[in-house]
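There are 2 protein chains.
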Amino acid sequence: MGRLTGGDPSLLRRINSAVVLHSLRGTDSSTLTDLTRITGLSRPTVEGVVEGLIETGLVVEFVPEEGEARKQGRPARRFRFRAEAGHLLGIEIGAHRVAALLSGLDGRIIGAGSRDVSERAGADDRLERVRAVVADLLRRTGVARSGLRAVGVGSPGIVEADGTVRLSTALPGWTGLPLGERLRRSFRCPVLVENDANAAAVAEHWKGAATDSDDIVFVLAGLSPGAGSLIGGRLHRGYGGAAGEIGALHLLGRDETPEKLLSTTGEPLHPLDEQAVADVFALAKSGDEGALAAVERFNKRLVHDVAALVLALDPELVVIGGWAAGLDGVLPPLRDELARYCLRPPRVALSMLGEAAVATGALRLALDHVEEQLFAVEGTVTARR
Amino acid sequence: MGRLTGGDPSLLRRINSAVVLHSLRGTDSSTLTDLTRITGLSRPTVEGVVEGLIETGLVVEFVPEEGEARKQGRPARRFRFRAEAGHLLGIEIGAHRVAALLSGLDGRIIGAGSRDVSERAGADDRLERVRAVVADLLRRTGVARSGLRAVGVGSPGIVEADGTVRLSTALPGWTGLPLGERLRRSFRCPVLVENDANAAAVAEHWKGAATDSDDIVFVLAGLSPGAGSLIGGRLHRGYGGAAGEIGALHLLGRDETPEKLLSTTGEPLHPLDEQAVADVFALAKSGDEGALAAVERFNKRLVHDVAALVLALDPELVVIGGWAAGLDGVLPPLRDELARYCLRPPRVALSMLGEAAVATGALRLALDHVEEQLFAVEGTVTARR
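These protein sequences, in sequence, are chains E and R.
Counting with my numbering, you get residues 632 to 1016 for the letters of the first sequence.
Counting with my numbering, you get residues 632 to 1016 for the letters of the second sequence.
Derived by calculation from the structure, the hints in this document are not laboratory data.
As the structure is a computational prediction, the values presented were derived from the model and not from experiment.
Be careful, since some hints might not be right.
[Said to hold, decoys possible] Partial list, derived from the structure: chain R residues whose beta carbon lies under 7 Å from chain E:
id, residue
1, Ile789
2, Leu798
3, Asp846
4, Gly869
5, Tyr870
6, Ala873
7, Ala874
8, Glu876
9, Ile877
10, Ala939
11, Leu940
12, Leu942
13, Ala943
14, Leu974
15, Arg975
Just so you know, even glycine gets a beta-carbon here, dropped at the ideal spot from N, CA and C.
Please build the complete structure, drawing on both the sequences and the hints.
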């Protein structure tokens, strides 16, 4: 990539600063000579940029461990990215649980917390639970609330760009909730709200089952299934944020709802009763015939949903997540059916992040936001990745 | 957008040249003063660039009509984009028909031709038919084959980036055919091969029912249905070029094939017998009960396919095309069903380009390729659109 020169000097300073910071973040520490070599910038430019970054608190002189320090006379000064200069939160707000992950600016997780919540809890109660989880997490880790740079949130439903929940059937009182606005009262930093399956797709791509693919579909299996997809490494939200909302697919065919398919009694399960689902999966594993039949019915339905997504999107990889237990049985029939019906069947894998997927993806979205500010300079190409 | 200056002088010349050419293409003709004002470049730069463009044949001095010329003394010299400096072909190779459109560099169509072909014709025969249509079209319009700058081709099946047909069940001998390579023997310019539904999606976006939306799904209804989608104005081909190949969806449910659904005799129609399909639609319009029932069965199936695409992709607009006749009846039930089952139902419209859609899209893809060469400068932002 060519370096662009001339023009707006402050733009140029920002580009150079982003390039140096990016380079520092990729290593434990660097000397000015390292940075000059890696960035192709002149020594005086690098010195000026590093000085500026130290002033903003994003860079600090690296002090090596005792012992190492004095090995070879007087070593060159080293600098490092100050990941602790800011913090990020990734929050999942689910039907049964709220969870939060905390990281520094490098995305490394330094704390986690969660609490159960009733699937019948209203929006106020649920948000109160979120605040409690966050407050406890910050207290335990000793991180100041004012040091948060961005907060990502993953939650079921169609989410508008401003963080308002347009529609969510899974959580009481969620449809129409200005979730972003409500949470922004608790934080002074940007709050980014994302559909839970979308967040999970981002998470599996970041550090889960999909790190080696940029074209994926993540299926959040459940009584109300959803999906998130990345195309060319970028989240595909759809025109109205509703891409992957496949929960209605069964209504179109003659298939029954997952609640009915998984029932062993003839009576449908409660739409949010995931314990009952776990029981059916456990029974099936123990060989119970009724449960086996129920799981088979459910798997067939899931295969159908996934096939529709695959035919529409043609991903390289499908990741199945959502329910922690019982889903491993769905992979063989899914692979078989996709091989039969898809012109080019994708690879299929189970989620590696399990129930941490949504909060992890929410954290990654917060990190993307901060990196955008730190490393990207509008209208120019910088050395990201 | 800021202008970038300095650096590589030949890069800068290319950028300036692209900017001036782009500006000229947007009007009938411009004076040097117009161009200086519009581009923000200096007068000497504009003069140099225009001179260079005249040498390449892309720009010519504009000679106004007699009468207008002498109205106001001696007018400033005017220049125009020379659309006739090169030509483009858009070709459809279908089951029953091959068709071609010819345009200048501005994309305005200056000639068209088509011939019927048997659905049982082998690849050699079909390609021979294509060559005959093109030869005839060039002869009639007096355009030299050597003046072709790019050829776009739309055809059923999954098409690799190099123009090889990976899989096509609709045309005999098509699977595995190195279609791009075969056609390149007839043309000295780039030949771009695209799936037919993808080409049609591009066409409707260019000058059809989807000019006001960048997020669309185009459904090529037929006995072997397919779909093409644009996301953010760009074609979404999928990881392996198979996105939208929804023909297999019915295999997953208990639905029958379109050939059976549309049959009024109990015997399925021949998979490529579109005349029989037209007959059923005509009968249904005349009130025939058996045909009405068949069309209703087929519409239900089409609605299901479209709903699966919509739930996966969440487009702003769905365009239904393919069969010229009979499809208008599908819009009301499609709108109703999408409103019931989609969390955010898209708008639905009929194709405006009808049977010209595939060739028109193929032409647009050829034009995109040429514009990329004329107007885009790698690694920089130019004033496209």
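Now for the hints, and whether the structure bears them out:
Interface restraint check for R/Ile789: the shortest CB-CB distance to chain E comes to about 6 Å, inside 7 Å, so the restraint holds. Residue-level restraint check for R/Leu798 holds (minimum Cβ-Cβ distance to chain E is 5 Å; threshold 7 Å). The criterion of a C-beta within 7 Å of any C-beta in chain E is met by R/Asp846, whose closest approach is roughly 4 Å, and the hint holds. For R/Gly869, the shortest C-beta to C-beta distance to chain E is roughly 2 Å, which falls under 7 Å, so the interface hint holds.
Proximity of R/Tyr870 to chain E holds as hinted, the smallest CB-CB distance being about 4 Å (cut-off 7 Å). The interface hint given for R/Ala873 holds, since its Cβ lies 4 Å from the closest Cβ of chain E, which is under the 7 Å cut-off. A cut of 7 Å between beta carbons decides the hint on R/Ala874: the least distance to chain E is about 4 Å, and the hint holds. A least Cβ separation of about 5 Å between R/Glu876 and chain E falls short of the 7 Å threshold, and the interface hint therefore holds.
Against a cut-off of 7 Å between C-beta atoms, the interface hint on R/Ile877 holds, since the closest Cβ of chain E lies about 5 Å away. Taken as an interface hint, R/Ala939 checks out: its beta carbon lies about 4 Å from the nearest beta carbon of chain E, inside 7 Å. Below 7 Å, beta-carbon pairs count as interface contacts, and R/Leu940 has one with chain E at about 5 Å; its hint therefore holds. At about 5 Å, the closest approach between the beta carbon of R/Leu942 and any beta carbon in chain E falls short of 7 Å, and the interface hint on this residue holds.
A least Cβ separation of about 4 Å between R/Ala943 and chain E falls short of the 7 Å threshold, and the interface hint therefore holds. Satisfaction of the interface hint for R/Leu974 is found here, the shortest Cβ-Cβ separation to chain E being roughly 5 Å, below the 7 Å cut-off. A least Cβ separation of about 4 Å between R/Arg975 and chain E falls short of the 7 Å threshold, and the interface hint therefore holds.
When each numbered hint is compared with the structure, no violation occurs for any of them.
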